[in-house]
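**Student:** If you want the building blocks of each chain, they are given just below.
4 protein chains.
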Amino acid sequence: MLNTTSEQQKQINIAYIGGGSRGWAWRLMTDLALEKDLGGTVRLYDIDFEAAKTNEVIGNKLSSKPEVVGKWQYVAVKSLDEALYGADFVIISILPGTFEEMYSDVHAPEKYGIYQSVGDTTGPGGLIRGLRTVPMYVEFAEAIKRNCPDAWVINYTNPMAICLKALYEVFPKIKAFGCCHEVFGTQKLLTEVVKEFLGEEREISRREIKVNVLGINHFTWFDKASYKTHDLFPLYKEFVNKYYEEGFEKTKGLWEKDYFASANRVKFDLFKRFGLIAAAGDRHLAEFVPYIYLTDKETVYKWKFNLTPVEWRIKHREELIKLSKEYASDQKEVPLNPSGEEGVMQMKAILGLDTLVTNVNLPNMGQIPNLPIGAIVETNAVFTHDDVRPVYAGKLPSDLASIMTRHISNQELIVKAALEKDLNLAKRAFLNDPAVERLPQSKAEQLFEEMISNTKKYLAYLGL
Amino acid sequence: MLNTTSEQQKQINIAYIGGGSRGWAWRLMTDLALEKDLGGTVRLYDIDFEAAKTNEVIGNKLSSKPEVVGKWQYVAVKSLDEALYGADFVIISILPGTFEEMYSDVHAPEKYGIYQSVGDTTGPGGLIRGLRTVPMYVEFAEAIKRNCPDAWVINYTNPMAICLKALYEVFPKIKAFGCCHEVFGTQKLLTEVVKEFLGEEREISRREIKVNVLGINHFTWFDKASYKTHDLFPLYKEFVNKYYEEGFEKTKGLWEKDYFASANRVKFDLFKRFGLIAAAGDRHLAEFVPYIYLTDKETVYKWKFNLTPVEWRIKHREELIKLSKEYASDQKEVPLNPSGEEGVMQMKAILGLDTLVTNVNLPNMGQIPNLPIGAIVETNAVFTHDDVRPVYAGKLPSDLASIMTRHISNQELIVKAALEKDLNLAKRAFLNDPAVERLPQSKAEQLFEEMISNTKKYLAYLGL
Amino acid sequence: MLNTTSEQQKQINIAYIGGGSRGWAWRLMTDLALEKDLGGTVRLYDIDFEAAKTNEVIGNKLSSKPEVVGKWQYVAVKSLDEALYGADFVIISILPGTFEEMYSDVHAPEKYGIYQSVGDTTGPGGLIRGLRTVPMYVEFAEAIKRNCPDAWVINYTNPMAICLKALYEVFPKIKAFGCCHEVFGTQKLLTEVVKEFLGEEREISRREIKVNVLGINHFTWFDKASYKTHDLFPLYKEFVNKYYEEGFEKTKGLWEKDYFASANRVKFDLFKRFGLIAAAGDRHLAEFVPYIYLTDKETVYKWKFNLTPVEWRIKHREELIKLSKEYASDQKEVPLNPSGEEGVMQMKAILGLDTLVTNVNLPNMGQIPNLPIGAIVETNAVFTHDDVRPVYAGKLPSDLASIMTRHISNQELIVKAALEKDLNLAKRAFLNDPAVERLPQSKAEQLFEEMISNTKKYLAYLGL
Amino acid sequence: MLNTTSEQQKQINIAYIGGGSRGWAWRLMTDLALEKDLGGTVRLYDIDFEAAKTNEVIGNKLSSKPEVVGKWQYVAVKSLDEALYGADFVIISILPGTFEEMYSDVHAPEKYGIYQSVGDTTGPGGLIRGLRTVPMYVEFAEAIKRNCPDAWVINYTNPMAICLKALYEVFPKIKAFGCCHEVFGTQKLLTEVVKEFLGEEREISRREIKVNVLGINHFTWFDKASYKTHDLFPLYKEFVNKYYEEGFEKTKGLWEKDYFASANRVKFDLFKRFGLIAAAGDRHLAEFVPYIYLTDKETVYKWKFNLTPVEWRIKHREELIKLSKEYASDQKEVPLNPSGEEGVMQMKAILGLDTLVTNVNLPNMGQIPNLPIGAIVETNAVFTHDDVRPVYAGKLPSDLASIMTRHISNQELIVKAALEKDLNLAKRAFLNDPAVERLPQSKAEQLFEEMISNTKKYLAYLGL
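Protein chains in written order, with the UniProt record's numbering: chain Y, 1 to 464; chain R, 1 to 464; chain Z, 1 to 464; chain C, 1 to 464.
Just chain Y, same shape as in the assembly (with noise of 0.2 Å):
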C-alpha cells in the first residue's frame, strides 16, 4: 500500500469508523485540511448515516476553500465493507452505545455508594461499556482482515486497553495502535512548571517537554521529564509542594465550573506517593484508585475534580448536532485551528515522510517487562514507514505495577468474557474491581445484574 509516490501521496484512502463523530471527525478533518503533503478520500461509516452524510458534505465543504491545502474528498458510506475495502489508514472512534447506556454505567453505581468520575475506562463502568464494545470491534477486526489486511488502524475509542485487545485477539497481524492526549495535558502542564521556575517567557510547545511514558491508558506515567537540558522531576517536586494545597490550575477555579476540569490535586497527590509523574486527566487517574480518591462526593470535592454527569454530555450533544448542522448549511465555518491531536502526523510518519517519537497504546512486547507480555500497554514509540515500534520504558514501581496488573486482568478478563460468551467470566472481572470490592458480596453481585440489565440491547451476543 504505502509504496507511493509524491503522486501517490494525494490518493490515500482512509475510512473512518464513527465517521458521524462530532467531535474526533472534525478535528481530523482541520489536521487533514491543514496539511499540504497528503490528499486523498475519507469514506465515512456511521450506524447514523445521516451524521455520516452531514460530515460528508462539512469535510467537502472545508475541502473546496482556496486557503485549505490538504484536498480531500469525504464520501459516506453505507456500510462497513465499503468504507474499508482497499483503506490505508482506519481510524475508529465510536460510542459503544447510546447515552442510555452510558447513563448506566456511570450513574448505576451511585446507589451503592460508587462513584465515578468519567466511567469509560474501567471501574464498574468500564467494564460494562467493554462488554458491549467488544463484539463491534469484533466485527470491525473481522471486517479489517478481509478488507484491507494492511491497513494501519487508529483506535479513538475507550475503553481503549479492550478496544485494542479485541482488535489484536481477532485478527493477530493487525498493525493497531491507540492514540489519547491524556499524556499531552500533563506534558501541558509541565510547560507551566517550565514558565514558572525556569522564567521561559516564550509559548512553550507541549511537545519539548521530553517524557518516558509507561503505563496503561488513563493510568499514565512519566519516570523521565525534560525540557531541553533541564531535568523536570526536581522542578515538579518543588511544583507539587508549593500547590498541593490548593491545587493549580491556568484558570483558576475553572474545575468548579467546567466538568472536564480538575485542580490537578490528585496529581500531585500521586506523585508524593509514588514518585513519579501521573500523566492524565485526574478525573480518569481516580478511576484506578477510587478507594483514595473517589469513596464519596466530599472526597471527589476536596480533592478538587469533578464526577462528569451524562446528563451534559447529552445536552452537550444537543448543541454539537445544532453546530453539525449549522456547519453543513454555511451558517457557521469550521475553524481552521489545528487539534493538537497527532493523527495526521502518524499517518504522515507512516507514510514515511517524518520520523516521529510520541506515546502510544500499543501490545506490552517487552517494552515494560513487569506488566504482562500482550496486555496493552501506553509507552513512547517511534514511528517510520509503515512501522510503529515500542521504545523501551523500563520498569514500573512495583506496587503501582500490581495497581495495573488488577485492572489489566479485569479488562482482558472481559474481553475473554466477551470472546468466549461466558458472562460469568465478566462477573469475575466485575467482582475484582477496585470500586466494587467495597460492597458486600450480594449488593455487588445486584449491581451487576441492574448494570448488566440496563445494557442487554448490546448483550444478546451472550444470549442474553
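These are computed hints drawn from the structure, not numbers from a lab. Mixed in with the good hints, there may be bad ones.
Pairs involving identical chains hold if they fit within one copy or between any two copies, as the list cannot separate such chains.
No more than 20 Å apart at the CA atoms, straight line, and that leaves these computed lysine to any residue pairs for SDA-like [to be verified]: (1) K272 - E246; (2) K443 - Y291; (3) K416 - P172; (4) K322 - V357; (5) K395 - K416; (6) K302 - K443; (7) K71 - E333; (8) K228 - V357; (9) K348 - R207; (10) K322 - E50; (11) K175 - T229; (12) K188 - E201; (13) K456 - L336; (14) K421 - F274; (15) K272 - G247; (16) K456 - L95; (17) K395 - P363.
For this one, chain Y is given, so just place chains R, Z and C on it according to the hints.
**Tutor:** Leaving out everything else, chains R, Z and C in the frame of chain Y:
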C-alpha cells in the same frame, strides 16, 4: 557435606534457630526419634537460652528412650555462629518480637475497623511483623554464609515470603526453602470428600491426595487434585454445593469453640468464585481478600471462622511453658507420635535416601509463569540428593494472579524498605494493602504511625 | 477418560500407531503382560497391515498364557480413526519411510565426506528424515484431535523433537510427550562407577542413580548425579580420567563387534570439555558436534564408536520378520522379561496409580531457561494422575546452550518448512547444519538436491 | 550533571580514553569544531602520553581558528582519574595491546588454515584480543564508578560486545553504549539502490534511509528499510539479483586495491540466504560464518573482499604519526569536514538539545526477544535528555539468531574467563568458535596455546 556413608548418616548436624520453641521443636524431636536412618546432633539456639536449655533436656531424654530408633544429641548453644558452624541443615522457627508486638499487629487495626484473623502474613499486621523480621533474617543469612554456606535451610517462620526473600536477597546462593502445613489441611479435607463420595472406608492418608499446588504461602491453590484414578474436581464441586451454606467440619461446630478451626465456608466460596481449590485454612485465606470476608465481625461470624486473639496465644504459651517443665522433669512424657510435618522426610530426601515430591516455598524461577520472577511462591518440588527443584505449576487465573501480585509487591517492598532502611517504602506497602486501602488516607497514615510506634523496639535499625 | 475404578483399570484402550513394529511393540507387550494392575485393549495400526495382524496374534498368544498377569486383547485395525477412537493412550513408533530412504539419509552424505553414526536425529540425515516425517505427524495430530483429544500420546519415533513439535503445532492442546532410553544407558554407566569406586557389590538398578536431566533428545546432559548419599560427579571425574584413553565397556572390545556399542570415549571427552555428564550413546552425541568426532572414519575409529550401516538394519529386519513368524506360529515364545522401558510405568502413573519422576521430552515452558520457549527439550518430569509436568532443570552452560540452539533452530525450520510447504526453509536448515557447513556451498546444495530427490516419494506434499 | 543552561552547554567535560588516537580523536575534534551549541574541555588520556600531548596541540590549534564555531580546550592528562573526574561524557577508543599482538591475532591462525579478514571481533583473533581487553575495561569501569558514575560512556573500541559487557559486569549502573559506523555503510549502499531504481538524482544522505536494525555488532541486519514512501526490500532484491555475480562498488574494482573495500558480494549472498539485509562491511560479516566465506584465500578472492594484513596497519600507522606531527606543527591543517560519525549528535541529544533515533550497542533488555537478555546487541535507540532507550527491534529469523547465540556465548565466556581469571573458560570459548571448530582438536589446542603465548604480556592477570 552430603557425601556420607551409612555411618555418616548418623553424624548429621542440625542447627535449630529458635531452638527454645515449644511447638515446632518438639515436633521435630519426635519425628527425628521415629526415623531410624538418621542421627547426629541438634544444636539449639534461642535468644531465650533457658528455653533452649530446657529443650536440650527434653530432647536428650527422648533420645535415651530404648524404643526410640533415631538417636540424636541435643545441645543448647549461646551464639548463632556456634549453632551454625558446619551445619548440614538449618531450621528456623522463631517468633519475631514478642506477643506484645503481635498484639499490636493484630489488634491495633481493630480500632480502625480492620479485622485480621491471624495477622502474621500480609495485611497491616503481617507487613509490620515483616518489617521487624527482616533484620533478624539478614543476620541469619550472613551467619549462614559465614558458617555453613552449603547447608540446607528450612524456614517455618511467618511471614514466610518475607523471611525467604530476605535470606535470598542477602545471600543469593543460599539453599533455603519454606515449609507450611496449610496445604496438608486441604488435602485432609479432600480425604473427607473421597470418603463421602467414593465410599472409601479405610483411613486415607492426605499424601494419597495428589495435587498441583500453585500460589503464595497461605493463599495457595490446587488446579488439579486426584485420588488414585479419580479426578476430585467434580466431587469437590458437589461437596461444595452440598455444604456451602452450612459449612463442613469433621467435628461439627468446632469452629465456635476453637480459635483455629473453621467451617471451610471461605474455602467453598473461593471455589465458587475462582473455580480452583483454595488450599490453606480459612483464617489465612480471608486475609488476602479482606474486603470479602473480613469487613466486620458479623461477616467473619457468618463465614464461620475466627479472629484468633493474641490473648489466647499468651495464655496458651503459659500452658506450654508448664508443659515444657513437666517434660524436662519427667513428670510427663513427650508423646511419640509423628507430627505430620515433613521436615525429616525432606532431610532424608536431601541426604539422598529418598525421592520426595511435595509443596514448598521457593523463589519463582518460572514455575508460575504469571507471577514475578524471584517472588517467593509455593508449588510442588522434587527433593533428591542435595537438590530441591520446583515442578512447573503453570499459570494462575489472571484475577487470582493479580490479587497475589499486589501482596507480593507489598511484601517485597517491606523487604526493600528494611534492606534500604527506608521507612517510606514500608509506608507505601502498608497503604497499598487491601485492608488498609479501605481507610481514609489520614486514618491509614495514623494507623501506620501507631503500629510502627508499637513495634519500635525492633525498628532501631530504621533510625527510629 | 481417566476416572476409572479398579474394574475400569482393566478396560484401558491403547492405540498403537506403528503397531506392526517388531521391537517397540514386543517390548510393550511383555511390559503389559507383567503389570497386574492394568488391562484392556491394544489396537494395532500399521501401514503394513500384515505386520500388525501378526502382532495381534503374538500379543493375544502372550496374553493367554496362564503366568501372564496383565491381560490384554490385541486387535489389528485398518484405519487410523479406528485405532484412535476413544483411546486413553496413543503410542507412536514408526519408521518414517523405508530403509531405502534411510539409506540415503545416512549414506548419501558420505560421498561428500560427511559421516553419520545414526542419521535419524539431526545432521543431513535427521533433517531430511524429519522433512518426510512431519506430514505423517500432521495426520496423526489431526486424527488424535478428532478421535481422542484427551488421550495421552507417547512418541518413540525419531527425530523426536521434530515429531513432537509437529504434534504440538497442529494440535496445541495435545497431551504428548516423548520417551527415549538413551539417558538410561548413561545411568547404567554410572552404576559401573558406583561399583568400581564405592565397592558396591549388589546389582544396582539404573533407577537408583538420581540425575538432573537437561538438554535436547540425544544431546542430553546431567549436571547432578547421585547414588544414595553420594555425589557422583567427583567419582565420574576419576572414572573419566582413568578410562579416557582406553575407553570403558562392560564387555571389553564390544564396540568393535557391535554397531550399536561404543567405548564411551565421546562421553568422556565431552565431560572434559563441558564439565557435565553427556547422557546419550556416543553415536548420538557425536552427531551434534560432528566437527569433533565425525570428521572422517579414522576419527570415528579413534573415538571408538561406530557408523551404523543401514545394510545392517535391513539384514536385521529380515531376522526380525523371521522371528515374528516364529512367535506367531508358536515355534518360539516371546521371552517374558521387563524391557527396561518406562511406558507402562508412565501409563500407570498417569492413570493415578503411582507417582513417577523420570526424564521425558516436552515443549520448553521454562524448565531450561536458556533454551527457546516452545522448543522440545528433555528434562525430568513428574507423572501423576492425568498429568505430566516438567521439573525445573536450570540453565545449561552457555556454550552447550548455543550448540543446542542451532540444532533446535534447524529442527524447527524443518517443521516450519513442512507446515508451510516451503522447500527453501528446509534448505536453510540443511545449510545451517554443522556437518553440512563444512562443505563448499555448491557441494552443500548439490547434496541437498540429491537427498531430496532420494526421498521424493514422501515429499509430494511439497509439490515435488 | 546535565542540568545546564545555555551557558553551561559551553562547559561540558569530555574524558577521552585513548586520547592519543590518530583516527577517532581527530574525527571527534572536527565534529566538535563544527557544532556551535557545545563547548568545554576535552581531557585526553593515553598510555602513550606523547600522543595525547600531540593531540592536545592539534585540538587547541583547531579550536583557535576563527571559522571554528565549537570552542573546546584540549588537555592531555597523565592519569585515568584525572581524565575522568567530573566528566559528563567518556569516550573510549583504544588499541588493546599493540600491533604485535594484533599480528598474532590475525596471522597466527593462518598457518592452521584459518583466515580472518579483520580479526578484532570474534573468531580466534577477536576472542584472544578480547581476553587482553577485558582487564583494561575493568579498570575503566572502576575508575568511572569512582570519578563520574553519572557520565555517559561511548565506546568505539573492538571487540565492541566484549568491551561493553565488561563495563556492565563491573559497574551495572554504568550509562554506556557502543557506536559503530558499519551500519552507515550499508545505508550508503542503499542510497545507491535508490539512485539506480528510483532515479533520484540529488545526493541522498544515508540518514534518509530508514532502517530497523537488529543483530550484534558487525553482524547486524535490517529487516525493514525505506526511503521516503518507498519500501526498499523489493528494490534491494532486484539490485542483488543484478549485481550478485559481479558485485557492486561505487568505484569499480576498488576492492582489489583497498584492503578495506569489497564488492558487497558477501552481503548479497547473505541476503539470498536469509532474506534480510546484512548491514556491516563484508570483511566483518564473513567472520561470523567463516565456513562460507573464509575457508581459504581463493574463496575470499572469489567473494571479492580482503584479508586486511596487520603489516598494512603498521605501515599506515607510520603515516598517521607523520601526519600528526604535521598537524601539530602547522605544516598541515586538519580538514574541517564532518566525519560522518554520530558521537557529537548523540551528546547533543543526551544533553537535551535534540531527539535522535539511531543504531547503537546496548545490553539486550528484550529489544531482540530471541537473543539472550543481557547480551550486547545492536538496534535502534532513542536519544533524549540523559537517556538512551532501545527501540523494540523484534525477533531475528531463528537460524540467524542461532548463529549469533554462538558468538554471544563465546564472547561472554571470554568476559567471564577474564573476570574469574579462568583460562580454561577462555579455551572453551575458543574451541566453540566456528573457525576453530574446523581444526582437529589437537591443532585447535595448539593454536590456542600459541596465541595465548603471543599475547601473554597482557595476560599476567591470568597468572600466566
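**Student:** Quick check: which numbered hints come out false for this structure?
**Tutor:** Hints 4, 13 are the ones this structure does not satisfy, whereas the remaining hints hold.
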